[in-house]
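Whenever a hint applies, use it, and build me the whole structure from the sequences.
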Amino acid sequence: MGKLSLKINGNEVEVDPGLTVLQVAKSFGIDIPTLCHHDQLNPIGACRLCVVETKQGTLQPACTLPATQGLEVETESVRVVEARKFILNLLFAERNHYCMYCEVSGDCELQNMGYRYGIDHFAFSPYQNKFPTDFGHKYILLEHNRCILCRRCVRACSDLASHYVLGIVNRGAHTMLSPDMESPLKASSCVSCGVCVQVCPTGSLSDKIGAYLGKTAEMTKTKSVCANCSVGCGVIAFTKANHLIKIWGEWESPVNHGILCELGRFTPLYEKRKKVLQPIIRQEGTREVESYQEAIKKAALKLKKATNPGGLINAKTTNETVEAFSNLFSDFLKSKNVGLMESYNEKAVKLSGDGCLEDILTAETIVLYKVDPSVSHGVVASWVKRAVTSGAYLYIVTDEEHNLAFHATETFKSSEADKLVDLLGNKNKVVVIFNPQIEDSDLHILAKVKAVYLPLFKSANSMGAVKKGLNGNLGKSDVALIVASDFSGDSNLLNSLKDVGYLIVISNYISPLTERADLIIPSATWLETSGTITNLEGKIQNISAIREASEGVKTDREIIVDLMGALG
Amino acid sequence: MKIYRLHVLLSTDSRSILRGAFEVEKILREEIAKNGLESEVQVLRTGGWGIEEGVQLTVYPGGLVYVINNMDDIPYLVEEHFLKGRPVKKLMYEIEAPAKVEMALPIEEEIMKKQTRIILRNVGLINPEDINEYIAHDGYQALAHVFTMTPKQVIAEVKASELLGRGGAGFPTGLKWELTANAPAKPKYIICNADEGEPGTFKDRVIMEGDPHSIIESMAIAGYAVGANKGFIYVRGEYDLSIHRLNVAIKQAKEIGLLGKNILGSIFDFDIEVRIGAGSYVCGEETALMESLEGKRGEPRSKPPYPTTEGLWAKPTVINNVETLANIPLIILKGAEWYKSLGVEGSRGTKVFTLFGDVNAKGVIEVPFGFTLKELIYEIGYGIKGGKNLKLVQLGGSSGSFITPEHLDIPIDWQSVRKIGAGQGSGAILVLDETRCVIDFLKNLLAFFTHESCGKCVPCRVGLPKALDLLNRITSGNVDTDELEFMEDLANVMKNTSFCGLGQAAANQILESLKYFKTEFINHIKTGYCPANKCGRLL
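If you read the sequences in order, they're chains A and B.
Oh and the first sequence: position 205 is 205 in my numbering, straight run, nothing missing.
In short: position in the second sequence from 1, add 568, done, that's my numbering.
Treat the hints as calculated values from the structure; they're not laboratory data.
Don't be surprised by glycine CBs; every beta carbon is placed ideally from N, CA and C.
Treat the hints with care, since some could be wrong.
[What the hints assert, rightly or not] Among the chain B residues that face chain A by a calculated CB cut under 10 Å, a handful are:
1) G768
2) P1033
3) M1062
What follows is the structure, encoded as structure tokens:
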């Protein structure tokens, strides 16, 4: 189709068809104010702030007005400005918008609009109906009295994250936001993905940590990738004075399009474990603080003397760390005894070829084979629910309770998996999501299906580590080096280390594993590390240090390189 | 077939039922039996004539209308009229005004004299719960006839009739059908908008309660014309009887193959489902209705896209008002040319009005377009109660427009009404006499709109309570006359920026009140004078 020509503020412009006036204006640098509009969400034309005046003299909301041939609009005419002022006056007078008492003062879009249009007093008697406050949720504060009913949160919760928790109840002046049709947020089906907080233009939805720690403008923004599971969601981290204050999803990320899960958005803010700050040596029941250089020397000495040195690494560490770790053992210690804290079925890893997360959104049939992404890979669960909402079939194979069973077309026991295979025979665009730790017998079943396979690896860089040839547990060894990262150690791991004579642990936190260790070297967490990680699609992404590590604490890779130096 | 001497038509619309129609029927039958007249007098249930008094019994031959307000009168009536053949004058329908008008004449000669009943052709005459009576009055003939035409011909016929939508906007029905028929997406849907929420409007109810099959037939015709196989009737939840009768009608039509698969042996399938509204005024707005029908919160959508291309479940949809649809069978049967002979240029056919307020004869009436308000109020409505003067007519319900006495001679048709900046809306005619207070009236209207605002857009959701607040301050005398200008500015913004017609119409009520009755506002503020003595305050 050809271009359309229309006039904005008297200027003739040529645009492609299919755009709204707001989009056209934006592309020509004309700023039309908006409140309910959000670039990531479908426009609903609720706030009416973006009205523009047409040649015919009507006021039309730019966010929903299609740009058509011959259209002429004025974006800041006298009538437009007067209408906007009235709308802002009405909004300010609707609920509790006394900015000086609000924690997001300075970050508030309503307040910004107030300044832009010179709202300097309440034109109507304010705060007409008092609404409850809902502060019981673990992370989120919901203050109805600061809500302007723009419904960004409702749209984000349903259209983007597909959780369908938030909605609107009552009508007219009593209209209010409500989770699960009049349940407190705490008791609702909210999965704490927090996208509502990210899109809220006012102080109505905020998170408990971020809310009271200053304005966004005073914070440092760092673009990075979440390392809490293998999806690898793009994040923007906000820090102030080296403190992590909030994490947002990165809208431009091709992986998550801005959506996060509880693990990505809130868990890192609530990390309460005690960090290891200095190297510690255990000798005959006592623990002594050691200098870093001494600790490295000691570790190198022990490893050198070992008859069968072994190494184990957390799959959360970067590709660069994994590389250095492999080199340390192959080149410096001449040992093949290296393992990964996770073990995968090699055949299963091979099965996952070129599948990517986008495939879920375009799938016609989705199979969740013995995995529940809602527990461990929240964004995958969102994508699955979104696909189901737009008509995809969902089949679940599980022997346990499954959080997504409600969305499933049909749920099968693992003994009935053959039935599913038959059923999938005449389905198109099948995506199978599975755990690459599955047995050969399961693989045998899955291999019969013509599909795109998506393996839900456990950790941020499992794929990267497996590609480097690391997989499965550590063999017998007398001296072991463990790059634990933030892993605390479980009974399986601790049991397998029973016979190790001397245990060196590089760890972020004090944990049962460090309790067992003979030598502990502190390491920087993923928030303090830069490098690359490979997500479950095989996409290599950069993570950037969001804050600086504590003084004297180095990254896993630096420690390994120092060990090489000491060995070299 | 049994031949009776007398046929008694008992009005059983919901209004009559509330006034004890079934009890009347029971006593009537007992009395008839007591007098041994079972084989001579037949009692038939019908819809209502649209008369707002008591339970009506229309006795044929003769067509005399009795109004039963007291059950004790029934034995006397049966004995005097049915047995002895002496019509009972004192029980006949009468109108108090200006001098008593007795309607001791057959219904066709007096009550219906000035009316032309096209849409209400069967209402009050047939038993709405018996498909055979509808068929006996040429029912479903139009449906049978369209199968001899192509869908395009059906649409052409409707277009040629110049039928305009009766829901309020007056969109050409034929064009709506054509746009839907031409939309490529499938399936298509037919919706009958029976969510009659406009205060003071109850014409659709009278049609659904009196002649439900006409809606079913018309929807099937519309389905054939546009290529839809599924129809929904979205009925206002309060309309219990309408819901019941529509369901009965659908069941009966299905039983004899007038709905369902292969209607009348054709290849055309059509099915209808009744969906019940949950009491929201804004769901009468077509896109909000569709949202509600889809199971979502009833709020209007942005237009475009229009329902003809993206309606119910984003599929092409014809949505027509009950009254609009009721026209269809006659247009098909008698032809567009006949239909165009009724009404005036640009407004063809007839219009059903609900006449109420301070008027002597209230009720549902049907006249061709072109009658003036004066004729409607003073002739068909027998003037204003107590011989008072007219202050104001609100035409088209709460969303309608104010018409002041100087415009009474303007004919009610789309273009004439539009010329004075008004709209005929749903067809409600609310008559207010000189003793009414316009601010009190406006407060009531705004309270209604405030309650019914869906809460989606700011000007309506917040503007309405603020405007109501201002009005309360005006009647308490705590404001300056400058505030009137502020209220006008607010109303203008609401009118210009509200998302849907609700906020725009509400603002219009404020603007029209200020336009025609500014002095009354100023009097309230300055002297506390209220013509109705309603907004009293201590001076």
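| task | Could you check if P1033 (chain B) really has its C-beta closer than 10 Å to a C-beta on chain A? | result | With Cβ-Cβ at 5 Å, under 10 Å, it holds.
**Message:** Just to be careful: measuring from the Cβ of G768 (chain B) to every Cβ in chain A, is the smallest value less than 10 Å?
**Reply:** violated, 21 Å
Restraint satisfaction for M1062 (chain B) [CB to CB of chain A, less than 10 Å] = This interface hint holds because 8 Å falls under the 10 Å limit.
Hint 1 from the list above is the single one not met by this structure.
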